[in-house]
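Novice: Each chain sits in its own coordinate frame; assemble them with the hints.
Residue strings, one per chain:
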Amino acid sequence: MVALLTGLKLRLLRNRLRSETWVLVGLVVAAVMGLGAAGLASVGAVLLSVAPEGVAATVVVFAGSVVVVGWAVVPVLAFGVDETLDPARFATLPVRARDLVPGLTVAGALGVPGIATALVALSLVGTWSGSLPAAALAVLCAPVGLVTCVLASRTTTTLAARAFTRRGREVSALLGVVLFIAVTLTPSLLAGSGVGRSLDPERVRAVAHVLAWTPLGLVWAAPADVAAGLVGRGLLRFGLSLVVVAALGLVWERLLAGSLERPPATSAGGRVPSRRRHAVLDRLPDGVAWAVAARSLRYWRRDPRYVVIVVTSVLAAAVPLTAIGLGGARSALVATGPYVAFLLALSTSNSVGYDGSAFAAHLLSGVPGRADRIGRAIGLLLWALPLVVVLSAAGAVLAGRPGLVPACIGAGAGMLLGGTGASALMGAWLPYPVVEAGGNPFQTNAGGGVQAILAQFSTMLAAVTVGLPGLGGLVLSSAWLPWLAWPTLLLGVGAGAVGLWAGLEIGGRAVDDRGPEILAAVRRGT
Amino acid sequence: MHALQLRGLAKRFGDVRAVDGLDLDVPRGSFFGLVGPNGAGKTTTLSMATGLVRPDAGTVSVLGTDLWSDPTAAKRLLGVLPDGVRLFDRLTGRELVTYHGLLRGLDRAVVRDRTEQLLVALGLDASADGLVVDYSAGMTKKVALACALVHAPRLLLLDEPFEAVDPVSAGTIRAILHQVVDGGGTVVLSSHVMELVERLCDHVAVVHAGRVVAAGPLDEVRAGGTLEERFVDLVGAPDRMQDLTWLRS
Numbered sequence: 001m002v003a004l005l006t007g008l009k010l011r012l013l014r015n016r017l018r019s020e021t022w023v024l025v026g027l028v029v030a031a032v033m034g035l036g037a038a039g040l041a042s043v044g045a046v047l048l049s050v051a052p053e054g055v056a057a058t059v060v061v062f063a064g065s066v067v068v069v070g071w072a073v074v075p076v077l078a079f080g081v082d083e084t085l086d087p088a089r090f091a092t093l094p095v096r097a098r099d100l101v102p103g104l105t106v107a108g109a110l111g112v113p114g115i116a117t118a119l120v121a122l123s124l125v126g127t128w129s130g131s132l133p134a135a136a137l138a139v140l141c142a143p144v145g146l147v148t149c150v151l152a153s154r155t156t157t158t159l160a161a162r163a164f165t166r167r168g169r170e171v172s173a174l175l176g177v178v179l180f181i182a183v184t185l186t187p188s189l190l191a192g193s194g195v196g197r198s199l200d201p202e203r204v205r206a207v208a209h210v211l212a213w214t215p216l217g218l219v220w221a222a223p224a225d226v227a228a229g230l231v232g233r234g235l236l237r238f239g240l241s242l243v244v245v246a247a248l249g250l251v252w253e254r255l256l257a258g259s260l261e262r263p264p265a266t267s268a269g270g271r272v273p274s275r276r277r278h279a280v281l282d283r284l285p286d287g288v289a290w291a292v293a294a295r296s297l298r299y300w301r302r303d304p305r306y307v308v309i310v311v312t313s314v315l316a317a318a319v320p321l322t323a324i325g326l327g328g329a330r331s332a333l334v335a336t337g338p339y340v341a342f343l344l345a346l347s348t349s350n351s352v353g354y355d356g357s358a359f360a361a362h363l364l365s366g367v368p369g370r371a372d373r374i375g376r377a378i379g380l381l382l383w384a385l386p387l388v389v390v391l392s393a394a395g396a397v398l399a400g401r402p403g404l405v406p407a408c409i410g411a412g413a414g415m416l417l418g419g420t421g422a423s424a425l426m427g428a429w430l431p432y433p434v435v436e437a438g439g440n441p442f443q444t445n446a447g448g449g450v451q452a453i454l455a456q457f458s459t460m461l462a463a464v465t466v467g468l469p470g471l472g473g474l475v476l477s478s479a480w481l482p483w484l485a486w487p488t489l490l491l492g493v494g495a496g497a498v499g500l501w502a503g504l505e506i507g508g509r510a511v512d513d514r515g516p517e518i519l520a521a522v523r524r525g526t
Numbered sequence: 527m528h529a530l531q532l533r534g535l536a537k538r539f540g541d542v543r544a545v546d547g548l549d550l551d552v553p554r555g556s557f558f559g560l561v562g563p564n565g566a567g568k569t570t571t572l573s574m575a576t577g578l579v580r581p582d583a584g585t586v587s588v589l590g591t592d593l594w595s596d597p598t599a600a601k602r603l604l605g606v607l608p609d610g611v612r613l614f615d616r617l618t619g620r621e622l623v624t625y626h627g628l629l630r631g632l633d634r635a636v637v638r639d640r641t642e643q644l645l646v647a648l649g650l651d652a653s654a655d656g657l658v659v660d661y662s663a664g665m666t667k668k669v670a671l672a673c674a675l676v677h678a679p680r681l682l683l684l685d686e687p688f689e690a691v692d693p694v695s696a697g698t699i700r701a702i703l704h705q706v707v708d709g710g711g712t713v714v715l716s717s718h719v720m721e722l723v724e725r726l727c728d729h730v731a732v733v734h735a736g737r738v739v740a741a742g743p744l745d746e747v748r749a750g751g752t753l754e755e756r757f758v759d760l761v762g763a764p765d766r767m768q769d770l771t772w773l774r775s
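Protein chains in written order, with this note's numbering: chain R, 1 to 526; chain Y, 527 to 775.
Extracted from the complex, chain Y is given alone in its bound form (with noise of 0.2 Å):
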């Protein structure tokens, strides 16, 4: 059984085809990391994944059980990252992490203590009693991390999680979501930056125009190569470069 299994999945939107026809397997307690160019698909994927965004066909299994006809079961297991979407940035972070920990209907007591240790691990307790809304990039990022662990599911679904992160806060997320690995867990990156997955990630897929167009164990994607030119191999880069000469003045 895999950790996600999406099978014919499709969205357009008006005369676009955001996803088109797009099969991925995800392999339980396989790092799995989604890269693709900008405007391949890779959120519109995620969001159907987690129940954010209606598909217009295909199907969804998280950890067997289907997303769409189940969901109150599937999004249990799941733990999400969202690209692009709010927070309810008028709490303060400790009240944050609470609140999608409650969301989850977990024990206010347990709540409460994996808050004060999620806070911590992400160096977030001395800002804890702040306004989401006054901190900066990186630390509204690690907070939506903080929000989608709290409940410690089984499949984490991250959308660029490392962007706008410092690289010290980077190395902390980093150790957090190897350590969910090591537990058994599965955790799915996105990410446009080549050799982050390919430190990071023992498997890989490449999302291209809506569809999955390379996908498996990291060393059978990369081919013997660097993971960068295998993509840009399989999305291709038009040769458009022109001889700027007056670059060099």
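Bound-form chain R, shown alone (with noise of 0.2 Å):
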């Protein structure tokens, strides 16, 4: 049963590679990163064999809880529920649980994860390479800790997947996006303001003393008490990490069982939640155009996709500025309106894409392209304009030069016009297919790869282009120039304008003679 299991999963892993290049690329980066990393920390390791009393034992125990709660926690979160080997499929076949549990462990460690995580633990026996028992004992510690890692990641999504609703999933997805990003910015917003000092080495000696008796912990710290000198107490904690295993075992073995015999639904057959009715979306003025924004604005609500980009969008433009501004560089507050209407414009360029082959209803009905691309820029332009002028106004008095309001209004107002209008124009000419709505958000380049780098860029080329004028006189005017502040206002906002014009009409008439292609190439890998 190992070794089918095992070889299930390699043989659907290669068949993917095969007919998508592009899954073969990312696995080569995951890899490439995934092993760097280890390599690295397993570097690490075996130079803590020459690090101070205590500190060998805190820094592995540490280390090692992260890395087991890593296990367990993102794959719920971060990725959706990974379905390679989904239990559930299963079910229709005469197999036990009990039977299950052993290859799907296996498989479950087979990948990039699962390798790293071995050659750190394996490297472990390095550090503790000073005591021969010791390091014996990390011998056999390698394979417990990888077996608890996969063994708590397993439980978790199996409990998952049948915990959660769709909405459920989405929301969870939700909340990795942004854990996600609050831990990339945190070492910035640290170190912008000095929190990071007050760091007491002591504080954290306590904390990896607690984590040692715990699940977490166990396992790691055997060898260290061995090391120490404390056998009885290794030992001990050895045992009790071989109990945490076989504990787990049997937990996600009877979830599993639960899987088998009731397979979790794809989708609710029989009730369908309702949805209040929206008395404003159903008042907008008449013709297509509106039509196409009123669904749009549905879907900036709706899809967590489009949720995940405002939330993105203002954080990755909020976070790191205050921790310039908390630094002492108060006056790189000014940039927050332009960046936020950057970074909002070019989320829409693949508009098409997210719709995926939805768009197929545009095509059918003779939606004309104006319409379509009008429609779209409305519906990200009715409440992204409010709040890129709200933001440029306060991050010029935030940054201490109510002066430069009118200057900042100027550039990030037509830098939103300008950017929609530049989305409008490439999401014609280049659209490219994204993950599904519900499928895992970083999993971005479904088959888009080169074309949606492309895209990507030239996309921001042409937004920049557009915004050059506000942006250059917001410059200019908090140089040197604070005169040009109100006509900064006018420039940037005529530019902007003339901008989302040009990409309409154009982009339009691309929509006109494209359509089948359009169509085809958002569908592709689907």
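Which chain R residues face chain Y? A few, computed with CB under 10 Å, are given here: (1) 290; (2) 292; (3) 294; (4) 301; (5) 359; (6) 368; (7) 516; (8) 523.
FYI, nobody ran anything at the bench for these hints, they're computed from the structure. Every residue, glycine too, gets a C-beta built ideally from N, C-alpha and C.
Specialist: Given below as structure tokens:
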């Protein structure tokens, strides 16, 4: 059974690699990054063997616990539920959960994260190489640690698959994105605000001490005990870590048995939850473009991918700028408005890709390309323009440069309008497929690949070109020519409006001319 | 004048000739069935006849209007239920049908009335305020059909309209399609369920390997036998059946 399931996993992977070149590229990149990080960590682990008394134990227990938590949490939050070897697929076969557990565990460890974890776990033998018994125990602990990680991740994902509705899965994916951004931006925030300096090594040691007695840290702490001469305590921890593995295995087996008997429903057959009807959107002006705008506005609220765009755009601009601001360079805050405008405008460049094959409705109805482009632009500008104006003004005030308010608004609004025009044009010229709603928001290039990069780059270039008058005016008026603030408002908005008009016109014509080709481009790989 | 006339339609994907010089005439007011084995080119043909896929060669004429040279006029006459195409499924059923009506440029009041009537007729009124993404496969098919009907098209092209639909809903859909034909409209549907086509359609065409191998009034095509017998004759079922004795345990 183990060989069968492992073989199945490898075969599925091979077949996916064969049909999609970009999956292969992605795997190679992930392997290089993952194994590279693991290699560095391993070198670090071996170097710990010459670290002062107690440091190695603290670091190993702390890092090991983080790895276990990562295995348990990351697949649920960020990646939706991993469906390779989805246990529900075995529901129709006469297999018992007990028989599946070992094979699915090995299959779960096969992959970049599993191999990287195994590498680091084995390198701990080097950490404890000063003491022969400790090193020997570390050899035994490495597979136990890896299995703990895999079982933890399988248990949480199986649980998540059973517990969550579609809505729940989407919300957890969204939380994952926010968490990811928070984690990646924390260092810059800490560095900027000086909080990091107050991190006390004594407190870290105390935390590691507690972790060493939890299921997260037991297996990593055992060799450390032996190295410190506490053989009995080390063996006790090792024994307890085996109990943890057995317990996790049992819990997972229970959950798995449940999945096999009652596979989680993929769609709600009977009851469909109701939505409140929307008074405002039902009263927009008549016309095809306004219908498209109303649909687009609904999608900004209901499609998790669009919600991710809004959250990431605002956070990506606000957090680093705040960090810089706290760090003393407050004047950088004048860039807030234009930067958010830039990100929001660009995010809509592939809105047809987000529609996917649903774009066929526009094609079948003979929607004029111009109405399609204008509708999507209205759907963004109706809420983004007020937001950008407020952020631009707030940025100037917070930077302590209230005189720059008109220039900031000019640059921000100009960037939003012009960028929306650039997106309308490039979205018609270079559409590419994206992951469907409910899929993993991090997994962009689902076959888009080179075209996606080309499209994003050229949209950026076009947006910056159109936004240049406003941006230039902002730079000049902030540094040398204060009187330019008001003219910049006119200049920025004017250039943006011209760019918007041109983008909608040319883009609209391109949609008319290339409708079937656009549909084919966004359907590729689905 | 025909409701739909395809001439020399061709499309290849890489090395595969999906549709290979296909000719088809659909008389006005007919209930036309398009049958063929899996991979015969039915969906590609319908995609080219509705403006979703650009043909490599050939022409499509909808009630005398050339689809690929005057798409706006031709598409106004067409109502389409495409297969393998997502809907804007983050809209509720009511919003989706309304959206399709508005995309067709209809007046908002007209769209509102028709939407309510279609939702009731198709038994979707109870879930009309639920998101289409939460619908079952059969409900999704029905709401897609409502979207295809909302602008009162003269020619309906339906790709596998009865797939995943329960018998009660199938009866409702059949009644609606008969209304369209009785009112002078034309219905073309593709299916690989021969009994269904035989019961429903008055004209039929058999598609095989990207071409029409037989077409005409149902009785002419089946020539005394059943449609299934005739179909197997035309398409050819290779004698691959082995005696699986171990199945009789």
